[in-house]
Amino acid sequence: MILIFFQYFIREFEISISQVTDILSQIGFFILVMMLFPLSLGPDPNKLSEYGIALVWIAAFVSVVPAYDRLFTDDYLHGFIEKAAHNDQPLGCYAAAKCLCFFLVTTIPLLIILPVICTMIGLNLSIFFELAISIVLGLFGVTLLGGIASGLVLGARRAAILAAVLVLPLSLPIIIFGCMTGIALIETTPIKPYIFIMIAMDLSLIVLAIPIMQLSLKNAIENN
Amino acid sequence: MSSSELAHATLSITNVTLFRANKLIFKNLNLNISSGDICILNGPNGAGKTSLLRIIAGYLPISNGKMSLNGHIFEPLKSHLPIWYIGHPFGFHPNLSAAKNLSQIASMRKLSMFDEDRFNVIDFFQQPIRTLSTGQIQRLALSQLLLKSNRQKEALWLLDEPNSTLDSLHCLALETLIEEHIEFGGRVIVAAHQPLCEHLSPQIIQLGAKT
Chain A
590 MILIFFQYFI REFEISISQV TDILSQIGFF ILVMMLFPLS LGPDPNKLSE YGIALVWIAA
650 FVSVVPAYDR LFTDDYLHGF IEKAAHNDQP LGCYAAAKCL CFFLVTTIPL LIILPVICTM
710 IGLNLSIFFE LAISIVLGLF GVTLLGGIAS GLVLGARRAA ILAAVLVLPL SLPIIIFGCM
770 TGIALIETTP IKPYIFIMIA MDLSLIVLAI PIMQLSLKNA IENN
Chain B
0 MSSSELAHAT LSITNVTLFR ANKLIFKNLN LNISSGDICI LNGPNGAGKT SLLRIIAGYL
60 PISNGKMSLN GHIFEPLKSH LPIWYIGHPF GFHPNLSAAK NLSQIASMRK LSMFDEDRFN
120 VIDFFQQPIR TLSTGQIQRL ALSQLLLKSN RQKEALWLLD EPNSTLDSLH CLALETLIEE
180 HIEFGGRVIV AAHQPLCEHL SPQIIQLGAK T
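Protein chains in written order, with this note's numbering: chain A, 590 to 813; chain B, 0 to 210.
Bound-form chain B, shown alone:
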């Protein structure tokens, strides 16, 4: 698929059913997300929000249903669509500094360091991760979305509780970032308990509803 096709491709998740430890988590779930869309996953703890994000990221296999990108079968780990899963665990090694962890991820993805430090991570850039607070680690994780590349416009962001540990200032920075990403034609799926980006009128998927 060429990059121009990719930029407008729609990611469809059809009839996905998830069992974990022989327990039905959700059944026949459908989700379509195209360029410029934002989708919010709602639901109580254990409703399968994180699992759904991990399925789309390619970490969990699907037992039923299918995922496709413009009609082609979508294999997240092999796809040309850049995918960013930002959720716990973040992939940082506690003994390495924030800067080293971030530059490792940047070089793995062949990206360069960001210019705008929107989440103010420079303050603790040289500290090892184990000395940082939960909110600071969350900010560092979100900074991965700022890493630069010319092919990140259409990227799919999978954010798992991105704002649960952020202070109000950085919540605002996150909302602005998501808004810009959508304007540029990106795709965002967020699992959140706190309200986020409500002014963008997102698709809302309710998980774990008793039927």
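This is chain A alone, in the form it adopts within the complex:
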């Protein structure tokens, strides 16, 4: 099972590399959204750093969420999910590999650009490491939620907006605790409780999301 997981993962990675413009446009979108805040809130660094963490979170979300409907759609339309269903290994293995790869190719570029963004909105770079951890944990959970949404909307009309509408309310706890981590960072209070809660949410999502994705993919094949 681990072998086939890696095979799926490598396939996904190769596909992502061949569609590098998707990743670049997502990062471009993130930077542009972040640039709007200094323009709209005014260039006062105190004000910006006060709202900064929440703004980074919202921008990261808004740039990632529209991509979720694509998670399984391509493979569904090209018939790959059917092929994977004929494999001995469960479809959940495929879905997990897909989500992991998607998480890595969306989050790593975001982390690379994050120090620049932090400087732009006047956040102290000393908190960058902790902020990055909270964003990684948050986006991991959101990717799993996105996987569920993407599986459920397969074959539906206007799937992109439907997936986003499904993901956003479900990801509220992640946003809340993510932003609380950030606020605790600025106020220099302990952030560990929030980080632990986010880890707990991610772990429980792994357990929940994989069977749900497996079921929804199976259902999608039958309706094709």
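It cannot be assumed that every hint is accurate.
In silico DSS-like links for lysine-lysine, alpha-carbon gap of 27 angstroms or less [said to hold, decoys possible]: (1) B:Lys65 with A:Lys807; (2) A:Lys636 with A:Lys781; (3) B:Lys22 with A:Lys807.
If you are wondering where the hints come from, they were derived from the structure by calculation, not from laboratory data.
Fit chain B to the known structure of chain A by using the hints.
Frame of chain A, contents of chain B only:
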């Protein structure tokens, strides 16, 4: 079921009825296919040829009737009988090369690459799928049947319009391939508009006939 039993098992489809979007497509369909049999599905567009193949492949649920393999209930996605559904969509990603797509499928099925390139896919092996013509993609899809394994002899091939976009040379290669598969005790079900393998005197199932 042991592999020797499997090799001689008969796949029976009894009284299968299919509705799609509340419309009756076919009713009480029966089909038996054992080792060395070939069956051709005939009928106009929309008669349910592809749907029947997709039912046997396990992609579509049956609302009525049953499928069995030597008396045991046949669940295509869990069965030990290797099933190859070759029909649109083929499962290839347009941005990956032909070679990568094929080797992905081979490794998913734990098979190794073929030796004989009967459909001449080596010519475009390194090209991404999006740059290939329909006929070339069809040839690549049929090449999946050439992937090697010691347990593919009894495999059930479900071919949906395999020859509709092939040139005459590759049509001939396909016919030879099917003939060999049947000789080795395989099973083939083909949905086709163009005549195929008529010299093998296949069972013919007429779908969509007005009764």
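To see whether the hints hold, each was checked on the structure:
The hinted pair formed by Lys65 of chain B and Lys807 of chain A meets the criterion: a straight-line CA distance of about 20 angstroms does not exceed 27 angstroms. Note on Lys636 of chain A and Lys781 of chain A: the hinted pairing holds, with a Cα-Cα distance of about 26 angstroms set against a maximum of 27 angstroms. Distance hint between Lys22 of chain B and Lys807 of chain A is fulfilled; the C-alpha atoms sit about 23 angstroms from each other, no more than 27 angstroms.
Consistency with the previously given hints is maintained throughout, with no hint failing.
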